[in-house]
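**Q** Chain by chain, the residues run as shown.
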Amino acid sequence: MIDTIDRRLIAILQGGLARVSRPYALIGQQLDISEDEVIVRLSRLKKLGLIKRLGVIVNHRKLGYRSNAMVVFDVPDDLVTQIAEHVSQLSFVNLCYLRPRRGQQWPYNLYCMIHGKNREQVFQQLDHLIESCGLLQISHEVLFSKQCFKQRGALYKIGAKLENALSDG
Amino acid sequence: MMLTPMHKQLLNNYQQDFPLSPTPYKDIALSLGVSEEDVLLAFDQLTDKKLISRIGSIIAPNHIGVSSLVAMAVPNDQLQNVANIVSSYQEVNHNYERENRFNLWFVLVAQDDEDLQLVVKSIETETGFNAMQLPLLADYFINLGFEMEFDD
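Chains A and B, in that order, are what the protein sequence lines are. Residue numbers 1 to 169, in my numbering, belong to the letters of the first sequence in order. Residue numbers 1 to 152, in my numbering, belong to the letters of the second sequence in order.
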């Protein structure tokens with residue numbers, strides 16, 4: 001589905017698009033392919049869904065969105081897809097995942113991420129989510145983030161081994 | 001930094017579909033009615049002030065390599081120490097404290113599942129705490145685009 005050049009292209013893009021007039025031409029030079037080919041390949045990777053989005057990646061904390069909560073729900077399996085689709089429609093939700101339950105110590109399967117300027121706003125949004133998505137009877141926990149020990153974009157500055165995997169195709 | 005209307009438009013309008021044309025900054029400039037130099041300068045400023053981390057791509061998980069969210073329950077007086085150990089692994093790319101009995105949350109990325117399991121074992125051995133693996137089963141919505149409301 002994707003070849004070595006695609007993988008190298010993705011790896012280069014993780015470092016960020018250059019802020020110059022012809023950024024795709026610059027990437028083409030690094031890969032020894034034309035500017036056109038870079039654009040065609042990126043369009044294709046987007047269409048395939050491998051690149052989820054291409055664009056400005058903002059720093060929420062620096063922009064005043066200091067409260068970030070991961071909310072986890074224990075949704076019955078036969079309802080989870082339907083509910084997740086509702087949850088995903090809400091503008092303040094920017095991640096919505098299904099993950100395995102881990103017994104009684106962690107019975108949750110649906111995860112969503114809510115950003116807000118403060119806790120109050122996050123709780124208001126959560127109340128709205130719970131009501132509008134029919135989750136009033138569903139148990140949940142709210143996990144606000146505190147300290148950040150390490151943060152980088154997914155696969156941003158990827159480890160050496162993975163980098164090899166990327167370039168080995 | 002005072003954000004101009006152009007800064008705000010650049011922050012909100014180009015998270016999803018950055019132009020895939022030979023001259024993306026010029027295209028943005030045309031649609032905003034400013035010059036290409038203005039757009040490049042504004043992006044430089046937003047980057048310098050760390051309001052944007054980069055112009056780049058969000059890759060769908062588990063297409064290239066494998067990954068898992070991992071949670072640990074660590075006594076508070078040992079949290080910093082355990083967090084440092086976890087962060088020292090190059091396979092770890094987010095590592096956060098969260099308010100919960102499971103208070104340390106991180107994302108592991110590896111070449112394949114075998115490698116991922118080796119890293120998990122190694123972290124458990126080195127820290128002395130269990131690591132609860134919560135790999136992705138489905139992503140209903142993973143678009144990290146984010147619409148900002150500006151106060152003014």
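Careful: at least some of the hints might be erroneous.
[Stated by the list, open to error] Computed cross-link-like contacts, DSSO-like style, restricted to lysine-lysine with a CA-CA straight-line distance of at most 27 Å:
id: 1; chain 1: A; residue 1: K117; chain 2: A; residue 2: K150
id: 2; chain 1: A; residue 1: K62; chain 2: A; residue 2: K146
id: 3; chain 1: B; residue 1: K26; chain 2: B; residue 2: K50
id: 4; chain 1: A; residue 1: K117; chain 2: B; residue 2: K26
id: 5; chain 1: A; residue 1: K46; chain 2: B; residue 2: K8
id: 6; chain 1: A; residue 1: K146; chain 2: B; residue 2: K26
[Said to hold, decoys possible] Examples of chain A residues toward chain B, derived with CB under 7 Å:
id: 7; residue: I12
id: 8; residue: L13
id: 9; residue: G28
id: 10; residue: E35
id: 11; residue: I39
id: 12; residue: S43
id: 13; residue: G49
id: 14; residue: C96
id: 15; residue: S145
In case anyone wonders, no lab produced these hints; they're calculated from the structure. C-beta atoms are modelled at their ideal positions from N, C-alpha and C, and glycine is treated no differently.
**Q** Run every hint past the structure and note whether it holds.
**A** Against the structure, the hints come out as follows:
Restraint check: the Cα-Cα separation between K117/A and K150/A comes to about 21 Å, which is no more than 27 Å; the hinted pair holds. In summary, the hint linking K62/A to K146/A is supported, as the alpha carbons are separated by about 15 Å, within the 27 Å threshold. Among the hinted pairs, K26/B with K50/B is consistent with the structure: their alpha-carbon atoms are about 23 Å apart, no more than 27 Å. Between K117/A and K26/B, the direct Cα distance comes to roughly 33 Å. Violation of the 27 Å bound is thereby established for this hinted pair.
Simply put, K46/A and K8/B have alpha-carbon atoms about 25 Å apart, close enough for the 27 Å limit, and the pair holds. Under the criterion of a C-alpha separation no larger than 27 Å, the hint pairing K146/A with K26/B is inconsistent with the structure, at around 40 Å. With 7 Å as the threshold, the beta carbon of I12/A stays out of range of chain B, its nearest partner Cβ sitting at about 10 Å, so the hint is violated. Interface restraint check: L13/A against chain B, minimum CB-CB distance 5 Å, threshold 7 Å, status holds.
For G28/A, the interface hint is violated, the least distance from its beta-carbon to any beta-carbon of chain B being 10 Å, above 7 Å. Hint status for E35/A: holds, given a least beta-carbon distance of 6 Å to chain B, under 7 Å. Using the Cβ-Cβ criterion of 7 Å, the hint placing I39/A at the interface with chain B is satisfied: the shortest such distance is roughly 5 Å. Look at S43/A: its Cβ gets to within about 5 Å of chain B, closer than 7 Å, so that hint holds up.
At a threshold of 7 Å, the smallest CB-CB gap from G49/A to chain B is about 6 Å, leaving the interface hint in force. The interface hint given for C96/A is met, as the beta carbon of that residue sits about 4 Å from the closest beta carbon of chain B, less than 7 Å. The interface hint given for S145/A holds, since its Cβ lies 5 Å from the closest Cβ of chain B, which is under the 7 Å cut-off.
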